[in-house]
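Listed below, chain by chain, are the residues.
Number of protein chains: 2
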Amino acid sequence: MPPAGPALDFWFDFISPYGFLASLRIDDIAARHGREAQWHPLLIGVTVMKVMGLPPLMQTPLKKDYVPREIARYCRRHGIAIARDFGKPPMNPLPAARVMAWLLANEATCAKAFARAAFADYWQRDIDLDTPESLRQSAARAALPKAAIDAALADPQAGTLLRAEVDRAVARGVFGSPFVIVDDEPFFGVDKMELLDDWLAAGGW
Amino acid sequence: MPPAGPALDFWFDFISPYGFLASLRIDDIAARHGREAQWHPLLIGVTVMKVMGLPPLMQTPLKKDYVPREIARYCRRHGIAIARDFGKPPMNPLPAARVMAWLLANEATCAKAFARAAFADYWQRDIDLDTPESLRQSAARAALPKAAIDAALADPQAGTLLRAEVDRAVARGVFGSPFVIVDDEPFFGVDKMELLDDWLAAGGW
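Note that the protein sequences, when read in sequence, are chains Z and W.
The first sequence begins at 1 in the working numbering and counts up one residue at a time.
The second sequence begins at 1001 in the working numbering and counts up one residue at a time.
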């Protein structure tokens, strides 16, 4: 069956629990409507902190107490186990995001599988993926081609590719994780997944 | 039929469009599950700006462009007309919030009707309600007892009552508009209305 419409774009940061939760559903939602989801790395340290001037979620009074409760509720509802403690400082997401940007540009068929593996390792196995070795191990567990990961880790262009991804995202108004744009309509937050599903079913407005 | 459980608490700020949208549904959702919704005034200028240290939504880069699109989409989906232009500076919400706090303490049977009228005037008729005269007119249009509104406007205790409401809210972890707590479970944002409905139907977890 040919696609029912153009691909949708899905942005996430590996250190965003909401991004992880959305990553578990976005492909199914897109596929239900004959769409493809194109995954993009985002750095909320750039968009939220630098561009928007906001503090990290887990350093925001009141909200830092609410977020873990909301995520625990979401996980119970959807039968998802998260191993990582929210109180723990996040890993540095740059190395994983750089690999993702490089794969998208050079080995696109591996990119989504890499992101899924990294998300699962970080949130469900509580493994920080901020060194070349930890990224190689994560990719190996997901049976990704070793040559592609090695090339991504070795290429200084990875950083440039990631910056270009983030710049393009900001230019399109993307600021948080998860964020989806489909047919020029923006959806921010994992709580928009059902709405996105309905919106695609209705074929827009 | 006796209530199926304790009342739920619903907080809103009159200048919050999301609070207005939630106000249109919260009583129906509560009633469907044999609950009552108790409405409380909140000041996001205190919770979001002072306690959390965040800028107003409509002064936050990227988010200020997203919010009007999300609200327009919500209104189309739910058949709601909003007259107020988001680019316009908000009214001073203090006078209306003070009246609400006074009514809750002294004429509780009028409080919800006052809040509904004020929300409709502000968001659907684009009328600022930040003077005694505008508040009197709003209450008169809703056929509320003139004596109650006059007493609320004349009583210097109204400010103290509002401060106590906001302090109690912050002590319970409430920060944004809309916010609901039911059976100790917190729900933030109008996009949680369906989830709240499901949660009440399931009787908790």
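Any given hint could be a false lead.
[What the hints assert, rightly or not] Using 20 Å as the maximum straight-line C-alpha spacing, the simulated PhoX-like pairs for lysine-lysine come out as follows: (1) W:1063 - Z:50; (2) Z:64 - W:1112; (3) Z:192 - W:1064; (4) W:1064 - W:1088; (5) W:1088 - W:1063; (6) W:1063 - Z:63; (7) W:1192 - Z:192; (8) W:1064 - Z:50; (9) W:1146 - W:1112; (10) Z:88 - Z:64; (11) W:1146 - Z:64; (12) Z:112 - Z:146; (13) Z:192 - W:1063; (14) Z:63 - Z:88; (15) Z:63 - W:1050; (16) Z:63 - W:1192.
Calculated from the structure, these hints are not laboratory results.
A quick look at each hint next to the structure:
For the suggested pair residue 1063 of chain W and residue 50 of chain Z, the alpha carbons sit about 13 Å apart, so the restraint of at most 20 Å is met. A hinted pair counts as satisfied when its Cα atoms are at most 20 Å apart, and residue 64 of chain Z with residue 1112 of chain W does not qualify at roughly 31 Å. About 18 Å separates the Cα atoms of residue 192 of chain Z and residue 1064 of chain W, which keeps this hinted pair within 20 Å; it holds. For a cut-off of 20 Å, the pair hint linking residue 1064 of chain W to residue 1088 of chain W stands: about 12 Å separates their Cα positions.
Proximity of residue 1088 of chain W to residue 1063 of chain W is assessed by CA-CA distance (about 16 Å); at most 20 Å being required, the pair is judged to hold. The hinted pair formed by residue 1063 of chain W and residue 63 of chain Z meets the criterion: a straight-line CA distance of about 17 Å does not exceed 20 Å. Using a Cα cut-off of 20 Å, the hinted pair residue 1192 of chain W and residue 192 of chain Z holds, with the two alpha carbons roughly 10 Å apart. For the suggested pair residue 1064 of chain W and residue 50 of chain Z, the alpha carbons sit about 15 Å apart, so the restraint of at most 20 Å is met.
For the suggested pair residue 1146 of chain W and residue 1112 of chain W, the alpha carbons sit about 15 Å apart, so the restraint of at most 20 Å is met. Our distance criterion of 20 Å between C-alpha atoms is met by residue 88 of chain Z and residue 64 of chain Z, whose separation comes to about 12 Å. For the suggested pair residue 1146 of chain W and residue 64 of chain Z, the alpha carbons sit about 43 Å apart, so the restraint of at most 20 Å is broken. Between residue 112 of chain Z and residue 146 of chain Z the alpha-carbon distance is near 15 Å, which keeps this suggested pair within the 20 Å criterion.
With a CA separation close to 15 Å, the supplied pair residue 192 of chain Z and residue 1063 of chain W stays within the 20 Å bound. Using a Cα cut-off of 20 Å, the hinted pair residue 63 of chain Z and residue 88 of chain Z holds, with the two alpha carbons roughly 16 Å apart. About 13 Å separates the Cα atoms of residue 63 of chain Z and residue 1050 of chain W, which keeps this hinted pair within 20 Å; it holds. A threshold of 20 Å between alpha carbons decides the hint, and for residue 63 of chain Z with residue 1192 of chain W the separation of about 15 Å falls inside it, so the pair holds.
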